[in-house]
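Peer 1: The primary structure of each chain is shown beneath.
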Amino acid sequence: ARYRKVDEDFFEELEEVLIMADVGVNTVMELIDELKFEVKRKNIQDPKQVQEVISEKLVEIYKGATDKEESLELNLNPNGLTIILFVGVNGVGKTTSIGKIAHMLKQEGKSVLLAAGDTFRAGAIEQLEVWGERVGVDVIKQGAGSDPAAVMYDAVQAAKARKVDVLLCDTAGRLQNKVNLMKELEKVRNVIAREVPDAPHEVLLVIDATTGQNGLSQAKTFSEATSVSGIVLTKLDGTAKGGIVLAIRNELKVPVKFVGLGEKMDDLQPFQPEQFVYGLFGDLVNEEK
Amino acid sequence: MAFEGLADRLQKSLQKLRGKGKVTEADVKEMMREVRLALLEADVNFKVVKDFVKRVSERAIGQEVMQSLTPGQQVVKVVQDELTELMGGEQSKIAVSNRPPTVIMMVGLQGAGKTTTTGKLANLLRKKYNRKPLLVAADIYRPAAIKQLETLGKQLDMPVFSLGDQVSPVEIAKQAIEHAKTEHLDYVLIDTAGRLHIDEGLMEELEQIKELSKPNEIFLVVDAMTGQDAVNVAQSFNDLLGLTGVVLTKLDGDTRGGAALSIRAVTNTPIKFVGLGEKLDAIEPFHPERMASRILGM
Ligand SMILES: Nc1nc2c(ncn2[C@@H]2O[C@H](COP(=O)(O)OP(=O)(O)OP(=O)(O)O)[C@@H](O)[C@H]2O)c(=O)[nH]1
Ligand SMILES: Nc1nc2c(ncn2[C@@H]2O[C@H](COP(=O)(O)OP(=O)(O)OP(=O)(O)O)[C@@H](O)[C@H]2O)c(=O)[nH]1
Ligand SMILES: [K+]
Ligand SMILES: [Mg+2]
Ligand SMILES: [Mg+2]
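In order, the protein sequences belong to chains A and B.
When the letters of the first sequence are read in order and numbered with the numbering used here, they come out as residues 26 to 314.
When the letters of the second sequence are read in order and numbered with the numbering used here, they come out as residues 2 to 299.
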């Protein structure tokens, strides 16, 4: 085995691996301090054992202060229409995730409708329409350049009239420091909230796994504007590890609900904290193979 | 902001030394710790940071800092200089082939901003250099990718070449170049599909497009919010294709953009342009010293 001992070198490599996973240097340093303490207290010598402690600690950080057993499933309204709003910065995978989640819900036997709330980006409406066709669900849209709040209003009325189970709402990508665009998003959310009590039932923030420390700022600002209830972590099929969601979870308590693992309809999985956390540092313990 | 600029960090760490007179090697080491943290928080790659700090540290211990009356400011200056130098001079020129058309290939991960940047570059080529570009829809995979480029073409009032999504991107590139020749268009901008650097099949497709279209420029488009993985991505694309330039997008956000330094360090390819918005004129030449200040939070 490569690691004979749980020594200073071991911790240095662990620090490196976690920073390279985008966990963030502050979180990593805190974690390493706690681990060193644990290792000493429990008199751990064997790297196999320390691996368990690392996993535990990371899951602990991930789960944070929330003791309550929380569901990673979507919060679906049992007595009627559920509305889910998708938000996030440009190009992270909002529209694609809507396609995947529509497919998942349909397979569960639910009726689904999509709202083409991105009226800004070239080809955005058509992109959602292709997904609608693929999955076999309708898309409520207006012309390019129209008011997204008006599209949302229409879509909610259509969803009510057709008595569908779930309405999935796409929005244009926007960077969180654009005050006007964030206001526009608040407006979209307000329209939904006004038309259906308790809606939106979920506001899913989509985060690209390749994102670095800016992810935290994204989560904070989008949460302030739209009360984010969950995260979809996309593009985990690449080599990036998505460690920033650890910091997001730690600071904002927002849980990851799904991970995206490709561009196809089926490339979506429920989030599994243990598996995710192992992915962050797995390279370190696997290197010896 | 969660981030603290390097200047503030050094200020704090130096307060501890105040009144001690001369700066010692240990003090420099302490300051280098702050440099390291600042760079890591800006998403500069771990290994790149390591090398960088080592070099700066040698310079600092050498003379400039230890002799200085204002060691903190001196460290900032050394760091800033080194960063700027590492990121290279201004290089926003675009190649011109003496046998037109000049071919530019746009490559990168999914969602980085390739299609948008293709439109921006075409716009720039016409506005600034009076050129006639052809936009080529070689992304046959992403839903409505062709439509997206066609819409941009319409906004720009520029021709878009497409053969739909049933013809291979290699064939599309080939026919597009022929088309440009007959139509006397002098630039061909090939918008390729986003792909993972570890996707062997799709990476091979890029190799084939390159082989066939003999591009004068191959631009890697990178999202400025990218974290530690930027080096892996840039290195893979560069190893396979031999990049001629990098475009850093979404710099209108509040990201520090440490990926810029990482990419430059591992590929030795110049960053030529930055994207600063979604509109088709939101592109600017890359300024290394501005980027250095940004990374350092100053
Ligand atoms: N490899 C991989 N690619 C993905 C994944 N999710 C989305 N993509 C790709 O990422 C790119 C951007 O996805 P979109 O769904 O258009 O992203 P968006 O957030 O809606 O983008 P904007 O509306 O422009 O802000 C597309 O090429 C998708 O196919 C994923 O989980 N893995
Ligand atoms: N704010 C901002 N948004 C940008 C910039 N460049 C691109 N975008 C946005 O980023 C998203 C993705 O851009 P695309 O041009 O579709 O990216 P792509 O690399 O072609 O994506 P795929 O073809 O799916 O791989 C869109 O919402 C663009 O409007 C930029 O410089 N600033
Ligand atoms: K991205
Ligand atoms: Mg979208
Ligand atoms: Mg594209």
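Please keep in mind that the hints were generated in silico from the structure rather than gathered at the bench.
Be aware that a few hints might be false.
In silico DSS-like cross-links for lysine-lysine, where the CA-CA straight-line distance does not exceed 30 Å [to be verified]:
1. A:Lys30 with B:Lys48
2. A:Lys208 with B:Lys129
3. B:Lys155 with A:Lys203
4. B:Lys148 with A:Lys203
5. A:Lys82 with B:Lys51
6. B:Lys148 with A:Lys245
7. B:Lys280 with A:Lys203
8. B:Lys280 with A:Lys73
9. B:Lys13 with A:Lys61
10. B:Lys128 with A:Lys203
11. B:Lys128 with A:Lys245
12. A:Lys65 with B:Lys280
13. A:Lys65 with B:Lys128
14. B:Lys280 with A:Lys289
15. B:Lys148 with A:Lys61
Cβ-Cβ distance ranges computed for the label pairs, FRET-style [what the hints assert, rightly or not]:
16. A:Arg159 with B:Ile199: 36 to 46 Å
17. A:Gln300 with B:Arg34: 30 to 40 Å
18. A:Arg159 with B:Asp9: 34 to 44 Å
19. B:Ala27 with A:Ala218: 53 to 63 Å
20. A:Gln300 with B:Leu213: 39 to 49 Å
A quick note: this is a predicted structure, and the numbers were derived from the prediction, not measured.
Think of the CB as a built atom: it goes at the ideal place given N, C-alpha and C, for glycine as much as any other residue.
Peer 1: If a hint holds in the structure, say so; if it does not, say that too.
Peer 2: Right, here's what the structure says about each hint:
For the proposed pair Lys30 (chain A) and Lys48 (chain B), the alpha carbon gap of about 24 Å is at most 30 Å, so the pair holds. In summary, the hint linking Lys208 (chain A) to Lys129 (chain B) is not supported, as the alpha carbons are separated by about 35 Å, beyond the 30 Å threshold. Distance restraint check for Lys155 (chain B) and Lys203 (chain A): the Cα-Cα separation of roughly 26 Å lies within the 30 Å cut-off, and the hinted pair is therefore satisfied. Restraint check for Lys148 (chain B) and Lys203 (chain A): the C-alpha separation of about 27 Å stays at or below 30 Å, so the hint holds.
Taken as a hint, the Lys82 (chain A) and Lys51 (chain B) pair is honoured in the structure, with Cα atoms around 27 Å apart against an allowance of 30 Å. The hinted pair formed by Lys148 (chain B) and Lys245 (chain A) fails the criterion: a straight-line CA distance of about 34 Å is larger than 30 Å. Under the criterion of a C-alpha separation no larger than 30 Å, the hint pairing Lys280 (chain B) with Lys203 (chain A) is consistent with the structure, at around 14 Å. Between Lys280 (chain B) and Lys73 (chain A) the CA atoms are separated by roughly 53 Å; this puts the pair beyond 30 Å, and the hint is violated.
The straight-line distance between the Cα atoms of Lys13 (chain B) and Lys61 (chain A) is roughly 27 Å, inside the 30 Å bound, and the hint therefore holds. The suggested pairing of Lys128 (chain B) with Lys203 (chain A) holds, with an alpha-carbon distance near 27 Å, which does not exceed 30 Å. Of the supplied pair hints, the one linking Lys128 (chain B) and Lys245 (chain A) is violated, its CA atoms being roughly 39 Å apart against a limit of 30 Å. The suggested pairing of Lys65 (chain A) with Lys280 (chain B) is violated, with an alpha-carbon distance near 56 Å, which exceeds 30 Å.
Between Lys65 (chain A) and Lys128 (chain B) the CA atoms are separated by roughly 66 Å; this puts the pair beyond 30 Å, and the hint is violated. This hinted pair checks out: Lys280 (chain B) and Lys289 (chain A) have alpha carbons roughly 29 Å apart, not beyond 30 Å. Of the pairs offered as hints, the one joining Lys148 (chain B) and Lys61 (chain A) is violated, with about 55 Å between alpha carbons and a cut-off of 30 Å exceeded. For Arg159 (chain A) and Ile199 (chain B), the hinted distance range of 36 to 46 Å is not satisfied, since their beta carbons lie about 25 Å from each other.
At roughly 34 Å, the beta carbons of Gln300 (chain A) and Arg34 (chain B) sit within the given window of 30 to 40 Å. Remark: the range hint 34 to 44 Å for Arg159 (chain A) to Asp9 (chain B) is contradicted by a beta-carbon distance near 51 Å. Taking 53 to 63 Å as the suggested C-beta distance range, the pair Ala27 (chain B) and Ala218 (chain A) conforms, at roughly 58 Å. A hinted range of 39 to 49 Å holds for the C-beta pair Gln300 (chain A) and Leu213 (chain B), which are about 42 Å apart.
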